[in-house]
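Participant: Generate coordinates for the entire structure from the input sequences, incorporating the hints supplied.
Protein chains in written order, with the working numbering: chain A, 1 to 239; chain B, 1 to 239; chain C, 1 to 239; chain D, 1 to 239; chain E, 1 to 239; chain F, 1 to 239.
Quick caveat, the hints were computed from the structure, so don't treat them as lab data. Some hints here could point you the wrong way.
Calculated pairs, SDA-like style, for lysine to any residue (alpha carbon to alpha carbon, straight line, at most 20 angstroms) [said to hold, decoys possible]:
(1) F:Lys43 to E:Ala131
(2) D:Lys213 to F:Pro72
(3) C:Lys95 to B:Asp96
(4) B:Lys232 to B:Asp203
(5) A:Lys232 to A:Pro221
(6) A:Lys26 to F:Arg27
(7) C:Lys213 to C:Glu194
(8) E:Lys213 to D:Tyr201
(9) B:Lys213 to A:Pro85
(10) A:Lys73 to B:Pro220
(11) E:Lys26 to D:Ala200
(12) A:Lys213 to C:Leu135
(13) B:Lys43 to A:Glu132
(14) D:Lys73 to E:Thr214
(15) F:Lys95 to E:Trp233
(16) D:Lys213 to F:His78
(17) E:Lys213 to E:Asp189
(18) F:Lys213 to E:Pro85
What the simulated footprint calls covered on chain D by chain B, stretch by stretch (three residues with Cβ under 8 angstroms from a Cβ of chain B suffice, anywhere in the stretch; the number is not a length) [stated by the list, open to error]:
(19) 53 to 60
(20) 156 to 167
(21) 220 to 228
Pulled a few chain E residues facing chain A out of the computed Cβ check, cut under 10 angstroms [said to hold, decoys possible]:
(22) Glu7
(23) Arg27
(24) Asn31
(25) Arg55
(26) Tyr56
(27) Ala59
(28) Val158
(29) Pro159
(30) Ala165
(31) Pro166
(32) Val167
Everything numeric in this text was worked out from a predicted model, so none of it was measured. C-beta atoms are modelled at their ideal positions from N, C-alpha and C, and glycine is treated no differently.
Letter by letter, the chains look like this.
Protein chains: 6
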Amino acid sequence: MTTVKPESIEKLRHVSVATLATALYKRGLRNQTIQDVRPLSQKGRNMVGPAFTLRYMPAREDRNTLAEFRNPKHPQRHAVETCPPGAVLVMDSRKDARAASAGDILITRLMMRGAEGVVTDGGFRDAMRIAELELPAYHSRPSSPTNLTINEAIDINVPIGCGDAPVFPGDIVVGDDDSVIIVPAHLADEIADEANEMTAYEDFVVEQVRAGKTIIGLYPPTDESNLETFAKWREVNGR
Amino acid sequence: MTTVKPESIEKLRHVSVATLATALYKRGLRNQTIQDVRPLSQKGRNMVGPAFTLRYMPAREDRNTLAEFRNPKHPQRHAVETCPPGAVLVMDSRKDARAASAGDILITRLMMRGAEGVVTDGGFRDAMRIAELELPAYHSRPSSPTNLTINEAIDINVPIGCGDAPVFPGDIVVGDDDSVIIVPAHLADEIADEANEMTAYEDFVVEQVRAGKTIIGLYPPTDESNLETFAKWREVNGR
Amino acid sequence: MTTVKPESIEKLRHVSVATLATALYKRGLRNQTIQDVRPLSQKGRNMVGPAFTLRYMPAREDRNTLAEFRNPKHPQRHAVETCPPGAVLVMDSRKDARAASAGDILITRLMMRGAEGVVTDGGFRDAMRIAELELPAYHSRPSSPTNLTINEAIDINVPIGCGDAPVFPGDIVVGDDDSVIIVPAHLADEIADEANEMTAYEDFVVEQVRAGKTIIGLYPPTDESNLETFAKWREVNGR
Amino acid sequence: MTTVKPESIEKLRHVSVATLATALYKRGLRNQTIQDVRPLSQKGRNMVGPAFTLRYMPAREDRNTLAEFRNPKHPQRHAVETCPPGAVLVMDSRKDARAASAGDILITRLMMRGAEGVVTDGGFRDAMRIAELELPAYHSRPSSPTNLTINEAIDINVPIGCGDAPVFPGDIVVGDDDSVIIVPAHLADEIADEANEMTAYEDFVVEQVRAGKTIIGLYPPTDESNLETFAKWREVNGR
Amino acid sequence: MTTVKPESIEKLRHVSVATLATALYKRGLRNQTIQDVRPLSQKGRNMVGPAFTLRYMPAREDRNTLAEFRNPKHPQRHAVETCPPGAVLVMDSRKDARAASAGDILITRLMMRGAEGVVTDGGFRDAMRIAELELPAYHSRPSSPTNLTINEAIDINVPIGCGDAPVFPGDIVVGDDDSVIIVPAHLADEIADEANEMTAYEDFVVEQVRAGKTIIGLYPPTDESNLETFAKWREVNGR
Amino acid sequence: MTTVKPESIEKLRHVSVATLATALYKRGLRNQTIQDVRPLSQKGRNMVGPAFTLRYMPAREDRNTLAEFRNPKHPQRHAVETCPPGAVLVMDSRKDARAASAGDILITRLMMRGAEGVVTDGGFRDAMRIAELELPAYHSRPSSPTNLTINEAIDINVPIGCGDAPVFPGDIVVGDDDSVIIVPAHLADEIADEANEMTAYEDFVVEQVRAGKTIIGLYPPTDESNLETFAKWREVNGR
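Facilitator: What follows is the structure in structure tokens.
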């Protein structure tokens with residue numbers, strides 16, 4: 001698995017998903033943002049970590065009685081107990097929020113074990129309680145029925161889809177107060193650097209725009225003088 | 001109509017919709033949660049009461065002019081004026097939120113008459129104002145057009161669908177800050193008891209998990225020692 | 001283009017979209033509310049202004065590289081830089097929120113130029129930041145990918161659809177904390193008057209209902225005595 | 001119930017659903033066509049008869065075991081056995097085709113009892129066999145699971161929605177090789193007359209267009225001379 | 001893997017998917033029918049064979065260039081070249097028909113290698129040509145773009161979802177002119193027997209109904225005399 | 001406007017939409033196939049011609065009475081009367097098939113004027129009759145209500161979206177028995193050449209596969225010997 005530099009993880013904590021989407025777009029990657037997924041509560045900080053995945057398939061009734069949860073190797077529970085500290089558990093719930101992908105007990109356990117966050121393209125039950133946890137969590141909408149109704153957890157840490165985005169184990173997952181994006185592992189370092197630079201420029205641009213400047217020539221900087229002003233701004237602001 | 005014990009109603013005020021969904025799932029009922037409906041504002045308490053229903057059908061233009069509201073027996077207005085105190089008005093709006101199921105005047109009247117709450121699988125107009133009322137209200141999304149545009153109120157207190165859940169008059173409707181579930185009247189007492197017990201155990205589990213315990217063997221309690229610890233916990237906590 | 005009286009604009013600041021929807025419904029206009037669009041943050045005040053429109057079409061990859069934004073006449077940027085003060089920029093994003101209609105830099109610039117607000121039937125990126133701006137903004141859901149992924153801005157100030165509502169340049173756009181409606185320019189003055197009257201009656205009704213009165217005979221006022229009480233209420237309350 | 005003249009029924013056998021939709025549109029009725037429903041096989045003739053309705057609600061598992069079909073009063077079976085000869089059985093399946101509204105045995109029985117046709121906004125099982133029956137049948141798509149999986153038949157001959165069209169018992173249902181429309185009973189006679197006239201003109205227009213004429217001035221006949229030509233055409237063609 | 005008797009496969013060739021759905025429903029399995037999938041052309045015979053599966057995930061652009069097809073182990077091509085004779089290739093295309101699951105060259109090869117059929121919950125390209133092949137094929141709708149646009153083939157012969165039905169390798173797939181169903185391998189023998197019996201009775205019932213009999217007491221046979229008549233019918237008809 | 005060679009038009013008559021989709025995909029164009037649109041009847045030949053476009057917007061009731069059709073410049077009628085011979089009329093009906101994009105009279109007129117074909121991402125009324133015309137027509141599904149109900153024709157020959165594909169006037173539209181694709185005008189000549197070559201190879205491959213050859217090494221031709229065999233095949237078959 002590709003190793004991502006700790007500095008990159010740190011940089012990714014300070015850039016927006018929108019900026020990352022543009023950086024990936026420059027490299028021809030258009031579908032890395034997880035569609036139609038939102039934070040249960042806004043944390044004011046980014047979730048950043050490698051993806052650890054769980055795949056759901058449609059549930060067959062005879063394989064999905066409550067008794068199944070007595071099996072300590074049940075993939076849903078096993079995923080929660082084996083997700084590495086610092087990782088983000090990403091669930092392929094087949095974009096079906098009619099049943100829960102997990103509830104507050106499992107997500108609390110995930111948090112206690114040191115996970116960085118959790119994402120599903122389905123919904124969480126006990127969403128009101130999960131929203132109060134420290135751990136960032138993202139889903140489509142609250143959903144109270146047990147996952148057994150609709151979905152069977154079948155595979156751990158295989159490539160999956162989540163909200164129509166491709167997710168490979170080890171890809172870097174970044175979530176902000178808007179949405180979640182998947183940065184392919186082999187691109188994470190360069191994307192982190194580039195997004196960091198882009199963010200500095202965007203912050204400068206916002207300041208300029210708030211001061212009354214037009215975006216023409218400024219964003220993007222087709223008027224070279226803006227780059228000079230930016231250079232000075234960086235010095236002054238230590239960025 | 002089946003009579004539900006007042007103690008059951010009280011117990012249902014202190015359990016989550018998710019727990020009820022699991023209790024019903026054990027009995028083979030998988031579709032009692034109203035899908036894709038959410039509270040207009042979170043109340044921090046449960047809505048619990050017997051269902052009083054209103055059925056909408058598609059509106060035919062010549063039958064749905066504003067003049068229709070002059071009829072004191074118009075089913076929408078009549079439902080609001082006859083919904084019993086303590087009951088929850090549940091509307092089958094055919095999952096169509098392009099027009100309003102009701103607005104703040106009717107919902108305020110419903111509240112004044114002592115209703116416990118209101119649910120539609122369409123949307124409310126004046127949602128911002130309804131959200132500020134004491135009365136719990138649940139819908140799919142805000143919707144400003146008058147119901148006449150899309151829906152005609154046609155029947156009161158017949159069996160309906162709401163968010164793909166079956167609702168019979170007198171069924172017990174329970175809503176929390178996540179969603180709403182329909183407990184069939186004849187099961188309400190036993191479900192209330194069971195959910196109450198389940199909630200005690202879940203509260204115990206959350207406490208254990210927050211203290212660092214694994215969920216394996218604990219949730220569900222396949223390791224018997226957890227049941228012993230739970231027994232002591234109940235004593236200490238008076239539950 | 002039809003001229004709308006400044007007093008009408010002022011009146012429209014104090015009526016709800018729901019009331020306007022009913023006033024338009026009386027005139028046979030059923031589809032003026034923009035469907036499935038919501039405020040990024042509730043402002044507690046109405047957005048009111050003439051529509052200035054931007055039309056998107058599906059993006060063709062060779063026409064939608066990041067380099068396109070270097071063109072000062074790119075319609076998206078041009079729209080932002082030419083939207084008149086007091087106007088509402090309304091975007092036809094083909095109801096596709098898989099890519100952003102705009103982000104915080106452009107919306108900030110729009111605000112600085114004096115626009116009254118912005119509406120898209122797609123989604124905004126940097127939604128968390130746009131929500132904090134003074135400027136009212138409405139969309140379907142947050143969406144981080146750049147618009148180039150899905151949509152190409154192609155036309156400025158032509159008739160468009162937005163959330164299935166017809167929007168002609170110069171129509172009066174009114175948004176409250178629930179949703180957004182399009183008042184055809186030639187009807188704006190009379191609708192403003194009528195909605196203003198309706199709002200007075202509705203406020204009276206809410207007060208009556210909160211005091212325990214039934215809605216039968218009151219809303220609508222089929223019992224004439226209610227109109228007398230209303231007349232006195234207007235005097236007392238100066239409305 | 002309104003009585004419709006036998007001549008009207010006969011006339012409705014020779015006009016298209018499209019023509020009827022326009023005739024109803026002139027009277028302000030825009031939503032009478034059943035949306036997203038198609039013939040299982042094209043019959044080359046119209047289905048015409050009064051609506052006899054069946055309403056489905058979401059199925060609750062304990063009420064919908066196969067044993068329920070042993071009840072001779074089960075509404076689905078009862079509807080088939082009581083639908084009057086000449087009537088069209090119209091089913092409100094909540095636009096949910098994930099389970100069958102009925103299968104070939106029931107539809108064969110319906111045919112043997114003299115029904116004119118059958119329509120559902122869900123799907124039929126054994127669709128390949130139903131397609132071969134004389135009886136016109138319309139649905140959304142083939143669907144093999146028993147209706148018990150999703151839907152419970154709950155009411156007979158009440159007002160319903162079918163494919164978002166309002167259907168009242170006794171309304172005249174007309175289906176052609178494209179789709180199905182609901183003509184309100186009280187309008188059926190005048191609509192039949194008008195559509196009959198419109199059809200004569202449309203047949204004339206098609207002939208003219210095939211002969212090379214422009215539609216401008218002809219359709220609609222803003223050029224008066226076309227009406228004169230039409231008058232002669234009617235004489236010649238005996239219409 | 002469970003072994004299914006050759007006689008069972010043979011029996012399954014002569015029963016409908018609808019009958020199988022009911023037989024599975026009796027055992028509590030409600031979701032085995034693949035939803036919203038239809039034959040490209042009606043064959044007038046059943047497709048029956050064990051499932052061999054292919055799983056797609058969302059495509060990431062850098063992994064899905066046309067060059068990928070040069071890899072002889074590309075899972076899509078590899079699946080076609082390793083699907084056992086007599087098996088049905090079932091593809092989980094995530095219910096996304098915006099790109100093709102396969103085209104006529106691959107499906108022709110699959111046929112030449114002796115496969116029994118092919119099913120996708122996406123769409124096939126070259127559908128007009130695939131429809132002319134002997135091999136039964138089922139999909140959602142024709143779709144001309146190459147699968148690389150949307151989907152990446154990632155896994156062979158793992159448990160998947162197809163049209164919201166759970167599919168395990170080795171399950172028996174049965175398709176008729178209406179739709180496709182998945183019979184779990186361990187139930188295939190008993191379901192084949194039972195469906196065979198049910199079909200005999202259904203054929204008898206259709207004959208009776210065509211002769212004018214009511215369905216009450218006959219279907220289901222609550223009137224015992226019908227079972228006697230059926231017994232004679234079986235003798236006479238050798239079933 | 002770019003001129004496309006007549007030979008290219010001719011070549012495009014003999015290649016499939018699927019092949020064109022792949023040729024465009026090689027150039028980075030992934031979304032040129034019109035999604036979810038199908039032929040009203042299969043013609044066994046391709047429709048090929050430059051796009052002439054019509055844009056619909058949502059209908060406002062006061063602007064869309066039947067009287068509007070009396071206006072000879074009504075864009076829908078005007079488009080039909082001005083679409084050049086050999087061109088394909090492509091309609092942006094906002095993917096809304098609840099009302100008709102056109103009916104048999106207009107489409108017959110279009111045919112008489114020499115148009116090559118017609119495409120809408122909505123639906124046609126009188127679909128059964130249009131299907132019988134010589135003119136190729138493509139839509140989403142039959143739809144009987146007049147377009148006035150939902151859509152207003154507003155612009156002629158502007159860039160539009162159709163089934164989520166971008167369409168510029170003059171782009172070459174190609175339809176086969178499966179679907180429709182938009183070839184950008186400036187690429188049409190080279191795409192025609194390339195697709196022609198690809199088709200020769202694909203025909204060769206199908207022949208080889210039918211003779212029992214594996215696709216590995218053949219499709220794509222990673223085994224060079226296949227290219228030699230192909231060279232001979234071309235000679236023999238004069239391609």
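Participant: Against this structure, judge whether each hint is valid.
Facilitator: Okay, the hints, checked on the actual structure:
1. F:Lys43 to E:Ala131: Holds, at roughly 15 angstroms.
2. D:Lys213 to F:Pro72: holds, 14 angstroms
3. C:Lys95 to B:Asp96: Answer holds: C:Lys95 to B:Asp96 is near 17 angstroms, not above 20 angstroms.
4. B:Lys232 to B:Asp203: holds, 14 angstroms
5. A:Lys232 to A:Pro221: holds, 15 angstroms
6. A:Lys26 to F:Arg27: Given pair A:Lys26, F:Arg27 holds - Cα atoms ~16 angstroms apart, limit 20 angstroms.
7. C:Lys213 to C:Glu194: Violated, at about 25 angstroms.
8. E:Lys213 to D:Tyr201: violated, 46 angstroms
9. B:Lys213 to A:Pro85: holds, 16 angstroms
10. A:Lys73 to B:Pro220: holds, 13 angstroms
11. E:Lys26 to D:Ala200: Status violated; Cα separation ~55 angstroms.
12. A:Lys213 to C:Leu135: holds, 17 angstroms
13. B:Lys43 to A:Glu132: holds, 15 angstroms
14. D:Lys73 to E:Thr214: holds, 13 angstroms
15. F:Lys95 to E:Trp233: violated, 53 angstroms
16. D:Lys213 to F:His78: holds, 14 angstroms
17. E:Lys213 to E:Asp189: Given pair E:Lys213, E:Asp189 is violated - Cα atoms ~33 angstroms apart, limit 20 angstroms.
18. F:Lys213 to E:Pro85: OK: F:Lys213 and E:Pro85 at ~16 angstroms, within 20 angstroms.
19. 53 to 60: holds (count 4)
20. 156 to 167: It holds, with 7 qualifying residues against the three required.
21. 220 to 228: violated (count 0)
22. Glu7: violated, 24 angstroms
23. Arg27: Because about 7 angstroms separates E:Arg27 from the closest Cβ in chain A, which is inside the 10 angstroms limit, the hint holds.
24. Asn31: Given a least distance of 6 angstroms, the restraint on E:Asn31 holds.
25. Arg55: holds, 9 angstroms
26. Tyr56: holds, 8 angstroms
27. Ala59: With Cβ-Cβ at 7 angstroms, under 10 angstroms, it holds.
28. Val158: holds, 7 angstroms
29. Pro159: E:Pro159 check passes; min Cβ-Cβ to chain A is 5 angstroms, inside 10 angstroms.
30. Ala165: This interface hint holds because 6 angstroms falls under the 10 angstroms limit.
31. Pro166: Check passed: Cβ of E:Pro166 comes within 4 angstroms of chain A, closer than 10 angstroms.
32. Val167: This hint holds: E:Val167 lies near chain A, its Cβ roughly 8 angstroms from the closest one there, short of 10 angstroms.
The structure fails hints 7, 8, 11, 15, 17, 21, 22 (numbered hints given earlier, in ascending order).
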